[in-house]
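S.K.: Residue numbers (our numbering), protein chains in the order written: chain A, 2 to 363; chain B, 1469 to 1848; chain C, 9 to 421.
If you're looking for bench data, these hints aren't it; they were derived computationally from the structure.
Heads up, a few of these hints could be off.
Unchecked claim - Taking lysine-lysine and the DSBU-like style, the derived pairs with C-alpha atoms no more than 30 Å apart in a straight line are:
id : chain 1 : residue 1 : chain 2 : residue 2
1  : A       : K237      : B       : K1675
2  : B       : K1606     : B       : K1558
3  : C       : K238      : B       : K1796
4  : C       : K344      : B       : K1675
5  : A       : K200      : A       : K160
6  : A       : K110      : A       : K146
7  : A       : K285      : B       : K1646
8  : C       : K27       : B       : K1785
9  : B       : K1796     : C       : K259
10 : B       : K1675     : A       : K285
11 : C       : K383      : A       : K305
12 : B       : K1796     : C       : K264
13 : B       : K1529     : B       : K1606
14 : C       : K259      : B       : K1785
15 : C       : K383      : A       : K285
16 : A       : K146      : A       : K109
17 : A       : K285      : A       : K170
18 : A       : K76       : A       : K110
19 : B       : K1529     : B       : K1479
20 : C       : K344      : B       : K1785
21 : C       : K235      : B       : K1796
22 : A       : K237      : B       : K1646
23 : C       : K344      : B       : K1699
24 : A       : K285      : C       : K344
25 : C       : K344      : B       : K1796
26 : B       : K1785     : C       : K264
27 : A       : K116      : A       : K305
28 : C       : K27       : B       : K1796
29 : A       : K285      : A       : K200
30 : A       : K110      : A       : K160
31 : C       : K264      : C       : K235
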Amino acid sequence: MELDAAQNPNPEPPISAYYQTRAEHHAVVSSDWLDHAAAAASLPDAHADADAAPPPSPGSNGGGVIEEFNFWRRKPEAAEAVAAIMALAAVIRSSRATTMMELEIELKKASDKLKSWDATSISLSAACDLFMRFVTRTSHLEHEKFDAAKSRLIERGEKFGEISLKARKTIAMLSQDFISDGCTMLVHGYSRVVLEILKLAASNRKLFRVLCTEGRPDRTGLRMSNELAALGIPVKVLIDSAVAYSMDEVDMVFVGADGVVESGGIINMMGTYQIALVAHSMNKPLYVAAESYKFARLYPLDQKDMTPAHRPIDFGVPIPAGVEVETSARDYTPPQYLTLLLTDLGVLTPSVVSDELIQLYL
Amino acid sequence: MQFDDVHRVEKAKKRAIVNQSEARNRVELFRHLPQYVHGTQLPDLESKFFQLEPIHPSVYKVGLQYLSGEVSGGNGRCIAMLLAFREAIKDYSTPPNKTLSRDLTAKVGSYVSFFIECRPLSISMGNAIRFLKNRIAKLPITLSESEAKASLQSDIDRFINEKIVVADQVIVSHAITKVRDDDVLLTYGSSSVVEMILEHAHELGRKFRVIVVDSRPKLEGQGLLRRLVAKGINCTYTHINAVSYIMHEVTRVFLGASSILSNGTVYSRVGTASVAMVAHAFGIPVLVCCEAYKFHERVQLDSICANELGDPDVISKIPGRADLGDLKNWADNENLQLLNLTYDATPSDYVSMIITDYGMLPPTSVPVIVREYRKEQLWV
Amino acid sequence: MPDMQPLISDFVLKLKRRKVEGSHAVARQTAELLRSVVSQHRMGSTNQAAALADAIHAVGEHLIAANPIELAVGNTVRRVLHIIKEEDISFTAVGIEGLSVTAVSDDECDSGNDDLPTLSAAVLASHARNALRAPSLQTLLDDIPVSTALSHSSSSAGDSDGKTGDKSLKTRKLKHDVIAAIGDLIEEIDTCYDQISEQAVEHIHQNEVILTLGRSRTVKEFLYAAKEKKRSFRVFVAEGAPRYQGHVLAKELVEKGVQTTVITDSAVFAMISRVNMVIVGVHAIMANGGVIAPVGMNMVALAAQRHAVPFVVVAGSHKLCPLYPHNPEVLLNELKSPSDLLDFGEFSNCMNFSTQDGTPLLNVANPTFDYVPPKLVSLFITDTGGHSPSYMYRLISEYYSADDLVVRQKSTS
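Turn these sequences into a full structure, and let the hints steer you where they fit.
M.R.: Here it is in structure tokens:
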């Protein structure tokens, strides 16, 4: 852990690595996004380097996993889970293990390293766990030759990017029934899945209106509204605190999720819980669009019962001396406030999440 | 009176003017309430009219109207009663060796018990009777009989005018500010003040739609529907079961009330609580319109301790549906009871606003109105 | 199958004209019709299961379109499709197993390592089994795409048939199995009342006060069963305007000596505070645990929730619908004649009024159903036992295959 911390770009936790990925993928007008963009522009060779040669590290020590993961997570279309599985597949590829057992041990080490490198990311650890289960199952179920099994694992791992994209498409298709003509929906921040849903609905010529929260402090909602407006969807941006005010004109709420936990609740960007409470008290349905690989064996009891992900917050003005700032990037929404989960496994009630997880890990 | 106390019921029977027949198949939970007895005592009453000299003809007439259901509704019944009292007072002359205030109070008391036998009093009527008795008791002794009678008659006129007619106008003027264009207003049953609000809003040219929700067995909403449509108001008619179906389109719910009790409970036509509950579940504001004279300091939590039982027989009969005769001889089977409740109690948390002649108030302010109302000189 | 056509169109007509109503009758008759469709179906030499499923699909589409409100039609069609798949798979597995057993020696556990056919058969069977179930996290990374697994397996079934040679026997076997399974389904639909009412004594205690709305045969049988077990209880029946089925139920209950009180629908809220349990029948149970029930039920459920009275739904599993209620009030409802509510003779003078744009001033809403969301339901009692609303998804995945959920769209495309 100490050794890895040296590789973590932010050794002390004020900014979580998980948050950085989000910022790189989603942020639009925040100053730190601009900084990142500037940094990326000034270091073109570093990226070109990474592009040209994905970290070789044939010794397959932990460092390789993380470099690989970092390489993948910078791709804008790739979800963090995809990056994690790609990294693990790379570990298998470069592994010198000769039996399934050895390979499993090696992978376990790599995945633990990856998970502890960024303990804040739920989809990272969920994806690692999912892949590990797949490895175990493959080695148990099929009495194939080691090489065959290994190449199968690599192939499936590398296909995961496609699976992820397909999952998003499936969710978008499933959710079309929920969008009726003339409805108004509220979305919170930027979510790739939700955007996919709305894109498909718009291309199906459905008439609907979207209210988009601003998503402070990253203003991810602005990017969302920008993309929706480009599709010709009527869209209105709200400041985050106007959710309760606007809720009576809303027919349904769509949110994405960083992770879906054992209880069926979700962990998502800050403000989701608040919106869910408002929607619940005004009897509006709240749909969560989440790929099934985000199901994680976590069970937070309350907001503080999870690893906090911190992020910098730009208030625009200097913060008065002696004033503390809440910098958590996400919150936990318990299942009783969620109406349905739209996943690539189908439309699910929150109670199915635990069922799936139990079946997977039993 | 506790009607489950056998001795008291026996005693009351002996005193009764109206012949009480035993109600059959009583519902266990409601034994404490006066059981509805079938309206066949009308000829009975008529034959007694000539023997029972003390009842004034106008009082007698109103009593019969209560019995037959010809006069109904909180305000209607109260006004009819007060006008009957006014007639009775006009024709009143103090018997020799008696004082006016004592004798008249006793007389009013006997009229009231006659009314009760025709139909249990509403809370608003109770309040009006209390007012009248108060005025009689407070008459200055110096007044001559004719002066006293004139004073009482003008008191009654003033009560009707101030507490009912003007109060309704004030309520309408308040309520109208809550009706916007393109609103869909839902009302239940038939409330005279809500009807006035709707008509006035229509006269002002507001564009809105009304949903009239009705329920068996009284189907009072049909009368309201007919009058509103005749005025050119766009109406949708439905029954109470469909209230969840229709509530999606609704923007405001306007309800009338028989009485509002001190804990904010709205005591009204049975079904009002269900409508308010569904509206609450859909987040639609519920506005209860009620004149302040109907407020009462009593508190009530459920609809069982105090209620009025209607004719159970009307439940078995469905007008216009001859095909449904499953309950024809219901009284023959001791296992079967029919229950026709008249009122229910709507919990105050379903009510967004109470519109009275004192303005638009939250349900928590009901005890304040009851307190202030009593302070007013009319009550002294 | 030209000889089936009159039967089918007759049933379609019955559905359209609402001559057949009520989920039990509809489910039963649909199952019977599909059974005769299967028995009349001419089996091809290859891919029989798929052809049979297509035939059912085609008929089912018509039936569903005839009366989309009767969800039991769709449920039964999906059940039959599921049956065909199940039979096909067990058939395939048996066939392949038989094949490998004859080909290789008895000791399959050890020899499996180097025997390719056995391996692929096992894999295939597992995939086929997965195809019946909804996709799951477990299979997320597996490489055989879920949808192709079935056709793969059934084509291989055809192959194995070809190899063994006794084609006609196998064909008849599959058809026979499917028909037998549909027979079981019909029996299940018929006996669901007994199965449900067996559980009555577990839920009704002495001196219980029960409220119900309208009439449901399931509720009636449930209460009868409790009465027969010498439980004494009291029932409040809300009459269920404008169909007044509550009167019928009250009459039936009284005949068995149950203490019954008929109340108006408006008095439900007033009475519910003295009620221990609400027991109702429903029209359909949706995949999220919500129910489509006779109109007025949402009001009853809300009142029960307010007073913390358990709201118990009794329903046979043929009412279990794998669909989610999208906009249930409008899409899954049927507006009946306004004359149930208003006597138009009396109101004829109101009919002349109309606004400038030609829309009538007087409208009447007479819906048939209410949607009750899952959070208002305390318990489902079905023929397979008691379940909480959050577990309904599981029952659905047992009864239906994931790819049959949309019968209509699939067959039109």
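S.K.: Please go over all the hints and tell whether each is borne out by the structure.
M.R.: A quick look at each hint next to the structure:
no. : hint              : verdict
1   : K237/A - K1675/B  : 28 Å, holds
2   : K1606/B - K1558/B : 18 Å, holds
3   : K238/C - K1796/B  : 28 Å, holds
4   : K344/C - K1675/B  : 28 Å, holds
5   : K200/A - K160/A   : 24 Å, holds
6   : K110/A - K146/A   : 23 Å, holds
7   : K285/A - K1646/B  : 24 Å, holds
8   : K27/C - K1785/B   : 27 Å, holds
9   : K1796/B - K259/C  : 10 Å, holds
10  : K1675/B - K285/A  : 28 Å, holds
11  : K383/C - K305/A   : 27 Å, holds
12  : K1796/B - K264/C  : 18 Å, holds
13  : K1529/B - K1606/B : 29 Å, holds
14  : K259/C - K1785/B  : 14 Å, holds
15  : K383/C - K285/A   : 13 Å, holds
16  : K146/A - K109/A   : 21 Å, holds
17  : K285/A - K170/A   : 25 Å, holds
18  : K76/A - K110/A    : 25 Å, holds
19  : K1529/B - K1479/B : 26 Å, holds
20  : K344/C - K1785/B  : 22 Å, holds
21  : K235/C - K1796/B  : 24 Å, holds
22  : K237/A - K1646/B  : 27 Å, holds
23  : K344/C - K1699/B  : 27 Å, holds
24  : K285/A - K344/C   : 28 Å, holds
25  : K344/C - K1796/B  : 26 Å, holds
26  : K1785/B - K264/C  : 23 Å, holds
27  : K116/A - K305/A   : 20 Å, holds
28  : K27/C - K1796/B   : 27 Å, holds
29  : K285/A - K200/A   : 22 Å, holds
30  : K110/A - K160/A   : 22 Å, holds
31  : K264/C - K235/C   : 8 Å, holds
No hint from the list above goes unmet by this structure.
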